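Residue numbers (the numbering used here), protein chains in the order written: chain A, 21 to 353; chain B, 50 to 339.
One should not assume that every hint holds.
What the hints assert, rightly or not - Residues from chain A shown here face chain B by an in silico Cβ test under 7 Å; the list is partial:
id, residue
1, L72
2, F101
3, S103
As the list claims (entries may be wrong) - Some chain A residues well away from chain B (every beta-carbon gap over 12 Å; in silico):
id, residue
4, T30
5, M122
6, R132
7, K223
8, P257
9, A267
10, E299
11, T305
12, F306
By construction, these hints were calculated from the structure, which means they are not laboratory data. Just so you know, these numbers come straight off a predicted model, no measurement behind them. Where is the CB? At the ideal position from N, CA and C, for every residue including glycine.
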Amino acid sequence: MGKISLRQVTKQFGDVTVIPSLDLEIEDGEFVVFVGPSGCGKSTLLRLIAGLEDVSGGAIEIDGVNATETPPAKRGLAMVFQSYALYPHMSVRKNIAFPLRMAGIDAAEQARRVENAAKVLNLTDYLDRKPGQLSGGQRQRVAIGRAIVREPAAFLFDEPLSNLDAALRVGMRLEITELHHRLKTTMIYVTHDQVEAMTMADKIVVLQAGRIEQVGSPLELYRTPANLFVAGFIGSPRMNFATGAEAARHDAHTIGVRPEHITLSKTEGHWQGTVGVSEHLGSDTFLHVEVAGIGTMTVRADGEVDAHYGDRVFLTPQADKIHRFDAKGIALK
Amino acid sequence: MATQHSRAAARLMISPSVILLFLWMIVPLGLTLYFSFLNYNLLMPGAHDFIGWKNYYYFVTDPAFTTALINTLVLVLGVLLITTIGGVLLALLLDQPMWGQGIVRILVIAPFFVMPTVSALVWKNMFMNPVNGIFAWIAHAFGFQAFDFLAQAPLFSIILIVAWQWLPFATLILLTALQSLDSEQMEAAEMDGAGPFARFVFITIPHLTRSITVVILIQTIFLLSIFAEIFVTTNGGPGTASTNITFLVYAQSLLQFDVGGGSAGGIIAVIIANIVAIILMRMIGKNLEA
Ligand SMILES: Nc1ncnc2c1ncn2[C@@H]1O[C@H](COP(=O)(O)OP(=O)(O)OP(=O)(O)O)[C@@H](O)[C@H]1O
Ligand SMILES: [Mg+2]
Numbered sequence: 021m022g023k024i025s026l027r028q029v030t031k032q033f034g035d036v037t038v039i040p041s042l043d044l045e046i047e048d049g050e051f052v053v054f055v056g057p058s059g060c061g062k063s064t065l066l067r068l069i070a071g072l073e074d075v076s077g078g079a080i081e082i083d084g085v086n087a088t089e090t091p092p093a094k095r096g097l098a099m100v101f102q103s104y105a106l107y108p109h110m111s112v113r114k115n116i117a118f119p120l121r122m123a124g125i126d127a128a129e130q131a132r133r134v135e136n137a138a139k140v141l142n143l144t145d146y147l148d149r150k151p152g153q154l155s156g157g158q159r160q161r162v163a164i165g166r167a168i169v170r171e172p173a174a175f176l177f178d179e180p181l182s183n184l185d186a187a188l189r190v191g192m193r194l195e196i197t198e199l200h201h202r203l204k205t206t207m208i209y210v211t212h213d214q215v216e217a218m219t220m221a222d223k224i225v226v227l228q229a230g231r232i233e234q235v236g237s238p239l240e241l242y243r244t245p246a247n248l249f250v251a252g253f254i255g256s257p258r259m260n261f262a263t264g265a266e267a268a269r270h271d272a273h274t275i276g277v278r279p280e281h282i283t284l285s286k287t288e289g290h291w292q293g294t295v296g297v298s299e300h301l302g303s304d305t306f307l308h309v310e311v312a313g314i315g316t317m318t319v320r321a322d323g324e325v326d327a328h329y330g331d332r333v334f335l336t337p338q339a340d341k342i343h344r345f346d347a348k349g350i351a352l353k
Numbered sequence: 050m051a052t053q054h055s056r057a058a059a060r061l062m063i064s065p066s067v068i069l070l071f072l073w074m075i076v077p078l079g080l081t082l083y084f085s086f087l088n089y090n091l092l093m094p095g096a097h098d099f100i101g102w103k104n105y106y107y108f109v110t111d112p113a114f115t116t117a118l119i120n121t122l123v124l125v126l127g128v129l130l131i132t133t134i135g136g137v138l139l140a141l142l143l144d145q146p147m148w149g150q151g152i153v154r155i156l157v158i159a160p161f162f163v164m165p166t167v168s169a170l171v172w173k174n175m176f177m178n179p180v181n182g183i184f185a186w187i188a189h190a191f192g193f194q195a196f197d198f199l200a201q202a203p204l205f206s207i208i209l210i211v212a213w214q215w216l217p218f219a220t221l222i223l224l225t226a227l228q229s230l231d232s233e234q235m236e237a238a239e240m241d242g243a244g245p246f247a248r249f250v251f252i253t254i255p256h257l258t259r260s261i262t263v264v265i266l267i268q269t270i271f272l273l274s275i276f277a278e279i280f281v282t283t284n285g286g287p288g289t290a291s292t293n294i295t296f297l298v299y300a301q302s303l304l305q306f307d308v309g310g311g312s313a314g315g316i317i318a319v320i321i322a323n324i325v326a327i328i329l330m331r332m333i334g335k336n337l338e339a
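Whole structure, please, built from the sequences with the hints as guidance.
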């Protein structure tokens, strides 16, 4: 079981308020991703849930029990740190067994569980090495192994992939998602990478300056962002925004349209512009088009498109895919 | 410095300093070795005849030698024990966030800057003196007899004085090591269910082993040759109760004017120091490997 509820949780460091007041429900078995720009309080929130920081106000409930005052070890949560935080003087086997040893579990059972975890994570050949003799990805797996053997109510990950190279990151992303399908344990995952958030999450929590901007499934956030911040944060490349006369025609202060919802034409269309930089990826083409009165708009076209620097093109937004926002940046229905 | 030519040039350039350092070491050592085989007493001028191993024989069979050897070991081990254990505890204490941390740290380090003769004098006259010392005063205040430290427990008193001087050194090194401990490791251990004591045993101590090794190695080198503290406080006495090898060599050559015997003692001290160094490196040297 791993249902976690935050009720009016606040956090101050001295007189700096990092988290004003925050409510959040995390259901059992969910994969929840906290995403937001650097310094928005993601790690702080995770550490509050883990019990490594004391809340300044509010309550944290785990499985319906108030755990606000419970020390970290008793909350039944396991954390994977950004720096892995492996014990450098212990072998991989001892690292993974450490929580079991602390819990006073007998040696035979310890060995069995360590072997199991090692098999799941492909670490069997490395059990007798020290962390210093492992690659980044292997260390990451050891850290996950150390979390798994405890059979926790929930896993907490703090940007676990940020120290890995791009290819390895994609691989580990899949492994963690697969692990979640197999274990069906609650996972809370912190990242500032919206691609990680979109691909892994059941539920995304978008944070800004300690406040929750929106909570929802990846596609909900993609289809109906609640405000400008979420609209700009979720989706890659970024949503295009326009204000002024163009927005006024849609009865809005600002309108937004995603690059993939703009149709490109050489002959006719709603907006006229000149192609600036064009990025040809083979599968897609991203064009940065300078439109008079609006500014640069990014357009995504399928496959290979024959458009080059200085070409004149026409853009048409798909009418039902235009997002409208009021003067405060809140989405209009 | 990659090419043959530049390496040869480099060797040529550093040779003057290397040769000077080598002479600096080898001339006194050679002379000591030479004197140790002579019958060379300052009270008998002129007669410097070669007497073979006799000086060594007399030095080693002197009953004072065994006492001095044991005293040296007790002194070194005692001070090491106090400074490493005390140093770890003090470092843990100083690592806690507290008010006035900077000043407290400077105060703790201060004894290291007091020269040995001065600190020994202060301890002798202001703390351990059975009439005027603070310890005597405290004993009187509670209605006890004053304890004459330097007469009743001379070696223990000297261990205390030397440990007081070296404690700051150990504390300083261990404190810096403690500050380099990754806080996420501690937090991980906390989440893994390790209590404060388990964290100390399984995380802090292994992290400190390398620094503790350095503290032990450096201190041993200096503690083998403790002299000023003994000279100032007990003069090796009563009897030979607080004489170590260094002090015995001094007594032999400068109190009995026996240069030959003293030289033999000096060579024996060098050999003992080397034996200790080899044993130490065997025992704990592997901690220093990366
Ligand atoms: N111990 C602390 N004392 C004071 N301020 C802190 C402390 N820890 C964090 N903060 C502040 O709280 C804010 C949120 O920090 P946090 O580490 O949670 O950000 P984050 O969202 O994890 O960012 P990143 O993506 O860069 O890791 C920051 O402005 C930071 O300066
Ligand atoms: Mg962070």
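Consistency of the hints with the structure:
no. : hint : result
1   : L72  : holds (5 Å)
2   : F101 : holds (5 Å)
3   : S103 : holds (5 Å)
4   : T30  : holds (22 Å)
5   : M122 : violated (4 Å)
6   : R132 : holds (18 Å)
7   : K223 : holds (23 Å)
8   : P257 : holds (34 Å)
9   : A267 : holds (47 Å)
10  : E299 : holds (38 Å)
11  : T305 : holds (43 Å)
12  : F306 : holds (38 Å)
In this structure, the one hint that does not hold is number 5.
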